[in-house]
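Chains as they are written, first to last, in our numbering: chain A, 1 to 117; chain B, 118 to 234; chain C, 235 to 351; chain D, 352 to 468.
Dumping the calculated DSS-like pairs for lysine-lysine here, alpha-carbon to alpha-carbon at most 30 Å:
| hint | chain 1 | residue 1 | chain 2 | residue 2 |
| --- | --- | --- | --- | --- |
| 1 | D | LYS412 | C | LYS334 |
| 2 | C | LYS339 | B | LYS178 |
| 3 | D | LYS451 | A | LYS61 |
| 4 | B | LYS222 | C | LYS295 |
| 5 | C | LYS295 | D | LYS451 |
Since the hints were derived computationally from the structure, they do not count as laboratory data. These numbers were taken from a predicted model, which means no experiment stands behind them.
4 protein chains.
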Amino acid sequence: MNLDALQDAVVNFAHEREWEQFHDAKNLCMALASEVGELNAVLRWVRNDEVDAALADPRRKSALRQEIGDVAILLILLCARMGTRLDAAVIEKLELNTHKYPADKARGLPEDPGNTP
Amino acid sequence: MNLDALQDAVVNFAHEREWEQFHDAKNLCMALASEVGELNAVLRWVRNDEVDAALADPRRKSALRQEIGDVAILLILLCARMGTRLDAAVIEKLELNTHKYPADKARGLPEDPGNTP
Amino acid sequence: MNLDALQDAVVNFAHEREWEQFHDAKNLCMALASEVGELNAVLRWVRNDEVDAALADPRRKSALRQEIGDVAILLILLCARMGTRLDAAVIEKLELNTHKYPADKARGLPEDPGNTP
Amino acid sequence: MNLDALQDAVVNFAHEREWEQFHDAKNLCMALASEVGELNAVLRWVRNDEVDAALADPRRKSALRQEIGDVAILLILLCARMGTRLDAAVIEKLELNTHKYPADKARGLPEDPGNTP
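Okay, chain A solo, but in the shape it has when bound (with noise of 0.2 Å):
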């Protein structure tokens, strides 16, 4: 499905229940927070070396999967708010990134050297 197809999927959702009233952008900032926390538990006490393993049990990978989902629909509902797109942030960010981590510089380094002694 396209980008525009699936925002209007979207919004058409929250539409149908009247949800506008409740989504100005510092709520669904917030309810981004309160999603990602979700998304979050799943695999919080999952080792690194044991998440690849873990995501191979069907159960697990579709909690994580319905998660990413409440995110994304969120972020669509923002963007929609807005009055921006999702792949033009996107690749708006991603060209800034391009500046801020040239590939010859940032090669096999943490994306965060402020954090990284």
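Since chain A is already given, all that's left is putting chains B, C and D on it; use the hints.
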């Protein structure tokens, strides 16, 4: 841009920097918590009744759009890592929510009745 | 209850369940993201001008207080794991903030001037 | 320092800057999402088996302790706003968890059986 091309651009960006070594599903979830935290910083002290005016300022709007980009990039990387697609996750969750929140019962009510006395 | 006794109670609770094996600093940070997400769920659809009224309802207030408890328990476990103390972390940060936000300059302004055009 | 004195120091810091106007319960929850995001940034790319070594570096440990301080300050402000106490919230939640996770049944198992197939 369609979602396949967008995912390719994001995955390629990380690949050029050899960041796959950091990007297992657990670390990407933690990074999502971090970036959604930055997104929440933008409007945390802005009241609901001032949000639209605050986002009429191009600098504030750009700050929020950049954080949306960061969150979306990580979501796309997480989907790629799991061998799933962002649009499939959204459509699957919309279908689940259609049953969880029937339009005729959910209309005009907040989405979290459990938290709403 | 003083903070030493509180930390002992929390650490002992986890110890009785042999949960130290899950509670390294990384996992505790992820768990904090999860619990702060639940905390954000409580008021996400409540507008600023309705918050005091919403918290006058004992069930809503109790829901929020329980989430505060969850977050605080994880913070205390993280401090214990790091061999540091919660009160020391607070006092250290207050001192840093005293320099970052001098009272005569910060008075009446939001704390995040970078996000405030 | 005891918790009453700690809460007084935190509340007084905010009062001297006239920040009560920003600090309703909703905004403080959002600010908690933001600061827990910063806390998650510190270890997001560090694997579980490297966490102890990473925190042996005084700069990394100090970075994490500062974020703990930020989160705790906001928790204390939220308690003060609600007319409740942080230690009371912790003790109340420990009691609830004692029933939810009986020691003889929960021993050695992760805390989120719902997410654990």
